[in-house]
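**Q** Each chain, written out:
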Amino acid sequence: MTPLQQTVAWLDERLDLTEVRHFISEKGVPVHAQKIWYYLGGMTLFLFCVQVCTGILLLLYYRPSAAEAYESVQFIVTKVEFGWLIRNIHSWSANLLIALAFAHFFSVFLLKSYRKPRELTWLSGVLLLFLMLGFGFSGYLLPWNELSFFATKVGTGIAGAVPFAGHFLLRLLRGGDDVTGATLSRFYGLHVAILPAVATALVAAHLLLVQRQGMSVPLDLEIRIRQGEGVPQMRFFPDYILRDVLAWYVALALLAALALFYPWELGNKADPFAAVPPGIRPEWYFLAMFHTLKLLPSHIAGFEGEQVGVLAFGAAAALLVFVPFLDRHALRGRRSPAFTVAGVLGLVYLVTLTIVGHYAK
Amino acid sequence: MLLLVLALAAGPEMNSCVTCHASQQDQRLARPAALFTQPDVHRERGFACVDCHGGDPSAPDKTRAHDPALLFKGKPTGQAVVTTCARCHSDAELMRSYAPKQRVDQATEYAASIHGKRLATGDPRVATCVSCHGAHGVRLASDAKSPVFPTNVATTCGSCHADPERMGGYKLADGSPLPTSQLSDYRRSVHFAAMTKGNDLSAPTCNDCHGNHGAAPPGVGAIANVCGTCHAVFAQKFETSVHRQIFDKGCVECHGNHAVLKPSDAMLSANGHGICVPCHSGEDQSDHGNVAAEQMRGDIEGLKVRLDGAGALLARIKNAGIEVSDEELALREAGSKLTLARTEVHTFEPPRVAAVIADANGVVTHIDDAGQRGLAELRYRRRGLSMSLGAILLVVVALALKVRQIDRQRS
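So the protein lines, in turn, are chains A and B. Under the working numbering, the first residue of the first sequence is numbered 1, with each subsequent residue one higher. Under the working numbering, the first residue of the second sequence is numbered 1, with each subsequent residue one higher.
These aren't lab readings, by the way, just hints derived from the structure by calculation. Take these hints with a grain of salt, some might be off.
[Said to hold, decoys possible] Subject to a maximum C-alpha distance of 30 Å in a straight line, what follows is the list of computed DSSO-like cross-link-like pairs (lysine-lysine): (1) B:K171 with B:K197; (2) B:K402 with A:K27; (3) B:K197 with A:K153; (4) B:K304 with A:K35; (5) A:K269 with B:K304; (6) B:K101 with A:K269; (7) B:K197 with B:K249; (8) B:K402 with A:K361; (9) B:K197 with B:K117.
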């Protein structure tokens with residue numbers, strides 16, 4: 001017996017792993033032309049784990065105050081052994097994670113994988129996407145450099161445009177009327193305690209639901225299955241797991257390449273009294289929203305343009321949450337081209353506005 | 001009704017002078033009353049028309065109010081203006097009760113100025129107190145709206161000195177016509193930019209070099225002293241230089257007077273637009289001035305190139321996460337030495353400039369060494385990451401092969 005087999009036998013004797021063994025040997029994954037999209041969720045999960053690990057390492061040295069935050073990050077990247085690598089990976093992984101989360105979201109949306117009985121999986125996934133954006137927004141300020149300081153000012157200013165509750169939200173986010181050390185403390189607490197706790201619970205629920213309900217198949221295939229057509233299956237272990245690990249390694253290779261060729265810069269320390277540097281804009285994943293608000297006229301139907309924009313984004317986010325219940329055709333196992341068109345248009349809008357926002361002056 | 005309001009607004013010191021003059025159609029007569037009721041340092045301290053103009057302010061009719069027997073003087077002009085102002089402003093005891101720190105020698109200074117001297121010879125066109133300070137609506141010199149507030153001085157002086165018609169007939173000591181380009185020249189100067197764009201009220205304007213009440217062109221020999229009031233180190237270096245004996249106009253010879261432009265290293269040359277061209281030949285290698293200029297300029301340009309290179313190197317490795325704060329400090333120190341070298345240029349002794357440059361070059365060499373060590377660290381990091389990336393890609397290939405092998409076995 002190999003040491004691994006000996007360990008499994010030892011555990012089996014005490015815990016009775018029959019069910020686990022049964023699950024592993026019996027579980028299958030449907031094979032079809034769209035199966036490539038299955039791996040995006042796994043890659044996103046892998047990057048989430050990278051974020052947790054590198055985040056914990058950064059926590060050992062990071063000091064969350066306006067006076068010390070920048071210096072502590074500077075210390076991490078210059079004095080701490082491999083600190084530069086950890087910070088580099090954390091920064092790049094955050095961006096890759098959000099990109100993959102969006103890709104996963106759109107693949108699920110366009111394949112209509114949210115349809116019955118996976119409404120709760122969709123709901124937890126959408127909430128996780130929002131949480132990832134929250135991680136990005138709160139983490140961006142933590143190095144307390146010039147760009148992050150002014151971008152946070154702009155970002156929290158947008159929250160201030162929410163009708164009725166805007167001023168309250170702005171003060172809640174900033175811990176005062178302006179971005180100060182109080183804002184940094186709040187964002188820090190949000191980034192390392194509140195968001196991780198909620199995200200971990202949601203990830204666990206999301207994974208549990210995926211394992212419980214199995215992989216969804218595209219609607220067309222499901223229709224054919226209902227008509228009696230068989231679907232080839234792939235064994236979950238080791239066939240699917242090996243492919244998943246392969247995808248993780250691809251993500252890891254991408255991370256290493258980005259850290260190698262484009263080391264993440266620290267910039268200059270934030271100076272609240274300095275003039276706003278030209279070209280201040282939020283991180284790329286907020287650019288489409290930011291640029292849309294910039295393009296809106298000052299007044300729409302008697303209301304402030306920015307307020308209308310913020311309300312529209314809020315409404316769109318709420319609609320996304322309830323997509324499985326709104327798409328009545330998919331709910332009944334029928335094609336829903338209107339939602340496909342809406343998804344494609346949403347994707348085109350996000351990509352276009354992000355690119356335009358990036359090059360806009 | 002309007003008159004009543006004016007009278008009430010002016011307070012108990014108001015009198016028939018204001019009441020009557022404010023109602024005049026002729027603006028020459030009405031304007032003084034209007035100005036006097038606006039912010040005016042004298043009215044605010046209890047002075048009234050009668051204190052300068054005499055007469056009887058309580059009289060209801062003009063004849064009695066303007067009665068010469070009651071010392072009515074009308075509008076003082078020429079020397080009478082100075083005498084009228086000096087009655088209070090040269091009285092130390094009186095001024096102590098209003099502005100204890102204010103000087104009381106303005107009239108004496110004025111008498112020594114070009115304006116005062118020409119007035120004494122009977123020239124009625126020269127400036128007197130009211131030409132600069134105004135007669136009514138007079139504000140403190142520290143009031144930003146005052147015509148003698150630092151940012152307004154040049155315009156105030158220019159109201160006469162930039163007017164060719166008014167300046168017609170006036171000549172310089174050498175007999176040439178008095179130029180009227182001073183204001184436009186000054187507005188191109190680094191001093192004007194510091195004052196108006198840099199909001200530096202200590203930057204020099206007309207009165208800082210010419211004096212105010214005792215205004216006169218600085219004597220030829222005094223120019224270095226005047227500039228040295230602010231540029232003390234440069235003046236000190238220049239005092240020891242060979243040019244001290246040669247330059248009649250001191251600093252002005254190279255930097256100009258009213259249009260003092262931002263100095264640049266390019267000025268230090270006997271070629272092209274260099275400042276040494278009028279006296280030295282850039283072609284002549286036996287011209288000591290040319291050789292000295294080229295040597296000092298070469299040293300300075302060499303240091304600038306090295307500073308730029310060191311700065312770029314530090315920025316590059318800093319962005320990659322290498323600690324360079326000590327080197328950044330050293331770079332600032334080397335930059336200060338460049339400024340010091342530029343100061344030493346005013347001694348016109350290349351060895352003194354070279355000594356400072358050599359010192360700075362030593363600092364830059366240390367920075368370069370540290371920068372090279374940083375680059376080596378960066379290369380080490382990249383090698384490590386490249387190897388890791390290679391290892392990861394190998395695992396990717398191995399996994400892909402394993403997946404393919406399993407797929408073949410299944411099929």
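**Q** Does each hint hold? Answer for all of them.
**A** Hint-by-hint comparison with the structure:
1. B:K171 with B:K197: Violated. K171 (chain B) to K197 (chain B) sits at ~34 Å, over the 30 Å cutoff.
2. B:K402 with A:K27: Judged against 30 Å, a Cα distance of about 20 Å means the pair holds.
3. B:K197 with A:K153: Roughly 29 Å separates the two Cα atoms, so the pair holds.
4. B:K304 with A:K35: violated (61 Å)
5. A:K269 with B:K304: holds (27 Å)
6. B:K101 with A:K269: Status violated; Cα separation ~46 Å.
7. B:K197 with B:K249: holds (29 Å)
8. B:K402 with A:K361: violated (50 Å)
9. B:K197 with B:K117: violated (36 Å)
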